[in-house]
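> Spelled out from the first residue to the last, the chains are:
There are 2 protein chains.
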Amino acid sequence: MSLRNDRFLRALRRQPVDRTPVWMMRQAGRYLPEYRATRARAGDFLSLCKNPELCCEVTLQPLTRFGLDAAILFSDILTVPDAMGLGLRFVEGEGPVFDRPLRTAAAIEALAVPDPETELRYVMDAVGTIKSALQGSVPLIGFAGSPWTLATYMIEGASSREFAHTKKMMFDEPALLDALLAKLSDAVALYLQAQIARGADAVMVFDTWGGALSPAAYERCSLAPMRRIVERLKASAPAIPVILFTKNGGQHLGKMADSGCDALGVDWTTDLRDARERVGGRVALQGNLDPLCLLARPERIREEVARVLDSYGAGSGHVFNLGHGILPQTPPDNAAAMIEAVRTLSPRYHQAP
Amino acid sequence: MSLRNDRFLRALRRQPVDRTPVWMMRQAGRYLPEYRATRARAGDFLSLCKNPELCCEVTLQPLTRFGLDAAILFSDILTVPDAMGLGLRFVEGEGPVFDRPLRTAAAIEALAVPDPETELRYVMDAVGTIKSALQGSVPLIGFAGSPWTLATYMIEGASSREFAHTKKMMFDEPALLDALLAKLSDAVALYLQAQIARGADAVMVFDTWGGALSPAAYERCSLAPMRRIVERLKASAPAIPVILFTKNGGQHLGKMADSGCDALGVDWTTDLRDARERVGGRVALQGNLDPLCLLARPERIREEVARVLDSYGAGSGHVFNLGHGILPQTPPDNAAAMIEAVRTLSPRYHQAP
Chain Y
1276 MSLRNDRFLR ALRRQPVDRT PVWMMRQAGR YLPEYRATRA RAGDFLSLCK NPELCCEVTL
1336 QPLTRFGLDA AILFSDILTV PDAMGLGLRF VEGEGPVFDR PLRTAAAIEA LAVPDPETEL
1396 RYVMDAVGTI KSALQGSVPL IGFAGSPWTL ATYMIEGASS REFAHTKKMM FDEPALLDAL
1456 LAKLSDAVAL YLQAQIARGA DAVMVFDTWG GALSPAAYER CSLAPMRRIV ERLKASAPAI
1516 PVILFTKNGG QHLGKMADSG CDALGVDWTT DLRDARERVG GRVALQGNLD PLCLLARPER
1576 IREEVARVLD SYGAGSGHVF NLGHGILPQT PPDNAAAMIE AVRTLSPRYH QAP
Chain L
1276 MSLRNDRFLR ALRRQPVDRT PVWMMRQAGR YLPEYRATRA RAGDFLSLCK NPELCCEVTL
1336 QPLTRFGLDA AILFSDILTV PDAMGLGLRF VEGEGPVFDR PLRTAAAIEA LAVPDPETEL
1396 RYVMDAVGTI KSALQGSVPL IGFAGSPWTL ATYMIEGASS REFAHTKKMM FDEPALLDAL
1456 LAKLSDAVAL YLQAQIARGA DAVMVFDTWG GALSPAAYER CSLAPMRRIV ERLKASAPAI
1516 PVILFTKNGG QHLGKMADSG CDALGVDWTT DLRDARERVG GRVALQGNLD PLCLLARPER
1576 IREEVARVLD SYGAGSGHVF NLGHGILPQT PPDNAAAMIE AVRTLSPRYH QAP
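Chain order of the listed sequences is Y and L.
Taking the numbering used here, the leading residue of the first sequence gets 1276, the next gets one more, and so forth.
Taking the numbering used here, the leading residue of the second sequence gets 1276, the next gets one more, and so forth.
Pulled out of the complex, with its shape left as it was, chain Y reads as follows (with noise of 0.2 Å):
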């Protein structure tokens, strides 16, 4: 089916568009009061996240209110692990809690790489649903977790600064974290598979914890599981769009950009014009305004989407994001404020040339 707004889809080609496109990572969340409305309906986080209906609902509340160039999924990284049996509880104000987490090389052995079509069913009738309700006006991202991210969060069992559990296992049982990981590829590779047979029009890898790691290490144990699952996304579905992101990876962009995928997300850390230099018309980029940004008045806000737009240059391969997800203290106001700016200022870099 043929969309109405391609705009997103075409940046991540780096074809030709009129306009940068624009959405932001969390679009759908607490920030926005009808979010918070339809949450209190379903009760918790995870009641929500396993409501194909209400993920549908709120997934298009932001597409409602201020017109975006693409919609993603609404769900939760940590869906994969919940799937792997690890027990997922959101408590609040202390984040995600697995009630099982990963120590031993028997449990890692045990884990079995889920079947998305019935272990996470929820989520693609959720992908299903959105799709349809989309109804062909802008394309629907699928997401899921890297493989280093997800296994931070199953080896210590909840969010972490440090990762000393997960870092003494790379360090000291640096096969069994593979073992792991080389699961983890298979089970995400799988899921976005499932979520493009649902009707996802492109794909993303929210990298949160790569940053954390050495470049050694990085390469190991963050960018060559990320590597797997691109390389099976391409053979099995080569004309969907994949973006790589790892936050604080700007050093990494590089390496990143050989992967095969198409687009690469860069926090608000690394100055767009470099970081084209360093991919080298390779892929196409996403960002990167500082999302604490949005707390500034519009005319501060203009200006800096102005410096963002200015930092990528002109062409296309530039989709307008934050460089990290909407905080919940954002005023709503403020975002429309960033997404109209871009929609005013961005015409003049895809001038024909």
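Hints should not be assumed to be uniformly reliable.
Unchecked claim - Derived SDA-like pairs: lysine to any residue, alpha-carbon spacing no greater than 20 Å straight-line:
| id | chain 1 | residue 1 | chain 2 | residue 2 |
| --- | --- | --- | --- | --- |
| 1 | Y | K1522 | L | A1491 |
| 2 | Y | K1443 | L | K1458 |
| 3 | L | K1443 | Y | R1575 |
| 4 | Y | K1325 | Y | E1392 |
| 5 | L | K1443 | Y | R1548 |
| 6 | L | K1325 | L | I1383 |
| 7 | Y | K1509 | Y | K1522 |
| 8 | L | K1530 | Y | E1392 |
| 9 | L | K1443 | Y | R1572 |
| 10 | Y | K1509 | Y | K1325 |
| 11 | L | K1522 | L | V1554 |
| 12 | L | K1325 | L | G1360 |
| 13 | L | K1443 | Y | A1612 |
| 14 | Y | K1530 | L | I1416 |
| 15 | Y | K1509 | Y | E1552 |
| 16 | L | K1325 | L | T1379 |
| 17 | Y | K1443 | L | R1582 |
| 18 | L | K1443 | L | A1457 |
| 19 | L | K1522 | Y | S1435 |
| 20 | L | K1325 | L | G1304 |
| 21 | L | K1458 | L | I1416 |
| 22 | L | K1530 | Y | R1553 |
| 23 | L | K1458 | L | T1379 |
| 24 | Y | K1443 | L | R1577 |
| 25 | Y | K1522 | L | G1403 |
| 26 | L | K1443 | L | I1383 |
| 27 | L | K1522 | L | I1416 |
| 28 | Y | K1522 | L | G1486 |
| 29 | L | K1443 | Y | G1600 |
| 30 | Y | K1530 | L | E1552 |
| 31 | L | K1522 | Y | R1279 |
| 32 | L | K1458 | L | R1375 |
Please keep in mind that the hints were generated in silico from the structure rather than gathered at the bench.
Fit chain L to the known structure of chain Y by using the hints.
Chain L in isolation, oriented as in the chain Y frame:
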């Protein structure tokens, strides 16, 4: 007074050494049982910082245990804002809290730059006491927080991950933030000059949070104030090496090397081979083992030390260190294994040509 072991200072000046010098950030700290005993006698953390005799005791503990190549003043970066009247407390399990965070132009205008020899006399007395106790054995490192890093604590009032108030001020009231950073630059320069006058042989500026900024904001809010400090130190004490360390600042090393400083701290997310290329022989480098590696088995620690030494390569200009502070849960024997590995593995990088 000449030092019996000046390997650390020689490496900072890129003069020949017999082996790579080594010290550890937070080497006097909670991972050592002897530190915990002294701290218990002092009462809380701030009482320990304000007691020159006990500061001296804990400063010397890791030297006695491990035989490191440098001592570092035991203190805290927040002594300076405390002396500026913000009312510092350390809350168990939460970290530092200021009773009077800075939020208004009036509060920033009212701030006075403290005179180190009066308002921070206890730190100066600690420097003098430690310097005497060292009896010329190894150099003493003085230190301070960077103006940007101090500003984040002063404006947020506590530890933060997102720096919402500070960044809002940066975007909406840049002149106000600049005024605060200018006062802090003065305060830090005077504070480090006073430490040098009392006997510090080198000084280090800890920019813990500069890595949370965009490159343009880093240049303006973090690097520019540090550059002003370096200029003042080089004018008043040209022979004293100055080390700048921006955590997560790998992408800024080239610009940092132009500041006039002598050495840069490098965390483990940047390879020292790349870092050395980027700074092009202008400065020495200090780092960069992942502190989490010290939770691994000693033989793995040794392998990782070998990798770090090899990544810097042959020649002087490398000070071995962790990429960030040693963690409280580190077994002291593992720190010993790291230090021993540096001692035995590094001489081969310092052969006469």
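> Please go over all the hints and tell whether each is borne out by the structure.
Hints versus structure:
1. Proposed proximity of K1522/Y and A1491/L is supported: the alpha carbons are some 18 Å apart, at most 20 Å.
2. Proposed proximity of K1443/Y and K1458/L is contradicted: the alpha carbons are some 43 Å apart, above 20 Å.
3. Pair hint K1443/L plus R1575/Y holds up; C-alpha atoms about 10 Å apart against a cutoff of 20 Å.
4. A threshold of 20 Å between alpha carbons decides the hint, and for K1325/Y with E1392/Y the separation of about 14 Å falls inside it, so the pair holds.
5. Restraint check: the Cα-Cα separation between K1443/L and R1548/Y comes to about 25 Å, which exceeds 20 Å; the hinted pair is violated.
6. The suggested pairing of K1325/L with I1383/L is violated, with an alpha-carbon distance near 25 Å, which exceeds 20 Å.
7. For the proposed pair K1509/Y and K1522/Y, the alpha carbon gap of about 23 Å is over 20 Å, so the pair is violated.
8. Using a Cα cut-off of 20 Å, the hinted pair K1530/L and E1392/Y is violated, with the two alpha carbons roughly 51 Å apart.
9. With a C-alpha separation of about 9 Å, the suggested pairing of K1443/L with R1572/Y holds against the 20 Å cut-off.
10. With a C-alpha separation of about 28 Å, the suggested pairing of K1509/Y with K1325/Y is violated against the 20 Å cut-off.
11. Of the supplied pair hints, the one linking K1522/L and V1554/L holds, its CA atoms being roughly 16 Å apart against a limit of 20 Å.
12. For the hint linking K1325/L to G1360/L, the alpha-carbon distance of about 15 Å falls within 20 Å, and the restraint holds.
13. Between K1443/L and A1612/Y the CA atoms are separated by roughly 16 Å; this keeps the pair inside 20 Å, and the hint holds.
14. Distance hint between K1530/Y and I1416/L is unfulfilled; the C-alpha atoms sit about 38 Å from each other, more than 20 Å.
15. At most 20 Å may separate the alpha-carbon atoms for a hinted pair to count; K1509/Y and E1552/Y exceed this at roughly 25 Å.
16. Restraint check: the Cα-Cα separation between K1325/L and T1379/L comes to about 29 Å, which exceeds 20 Å; the hinted pair is violated.
17. Restraint check for K1443/Y and R1582/L: satisfied, since their Cα atoms lie roughly 17 Å apart, inside the 20 Å limit.
18. Proposed proximity of K1443/L and A1457/L is supported: the alpha carbons are some 18 Å apart, at most 20 Å.
19. For the suggested pair K1522/L and S1435/Y, the alpha carbons sit about 18 Å apart, so the restraint of at most 20 Å is met.
20. Straight-line distance between C-alpha atoms of K1325/L and G1304/L comes to about 16 Å, which keeps the hinted pair within the 20 Å bound.
21. For the suggested pair K1458/L and I1416/L, the alpha carbons sit about 24 Å apart, so the restraint of at most 20 Å is broken.
22. For the proposed pair K1530/L and R1553/Y, the alpha carbon gap of about 18 Å is at most 20 Å, so the pair holds.
23. Taking the CA atoms of K1458/L and T1379/L, the gap is about 15 Å. The hint holds against a cut of 20 Å.
24. A hinted pair counts as satisfied when its Cα atoms are at most 20 Å apart, and K1443/Y with R1577/L qualifies at roughly 15 Å.
25. Annotation: proposed proximity of K1522/Y to G1403/L is violated, straight-line Cα distance about 44 Å (limit 20 Å).
26. Between K1443/L and I1383/L the CA atoms are separated by roughly 15 Å; this keeps the pair inside 20 Å, and the hint holds.
27. With a C-alpha separation of about 19 Å, the suggested pair K1522/L and I1416/L falls inside the 20 Å cut-off, and the hint holds.
28. At roughly 12 Å between alpha-carbon atoms, K1522/Y and G1486/L fall within 20 Å of each other, so this suggested pair holds.
29. For the hint pairing K1443/L with G1600/Y, the CA-to-CA distance comes to about 17 Å; that is within 20 Å, so the pair holds.
30. A distance of roughly 18 Å separates the Cα atoms of K1530/Y and E1552/L; the hinted pair therefore holds under the 20 Å criterion.
31. Straight-line distance between C-alpha atoms of K1522/L and R1279/Y comes to about 45 Å, which puts the hinted pair past the 20 Å bound.
32. Of the pairs offered as hints, the one joining K1458/L and R1375/L holds, with about 17 Å between alpha carbons and a cut-off of 20 Å not exceeded.
When held up to the earlier numbered hints, the structure conflicts with 2, 5, 6, 7, 8, 10, 14, 15, 16, 21, 25 and 31 and fits the remainder.
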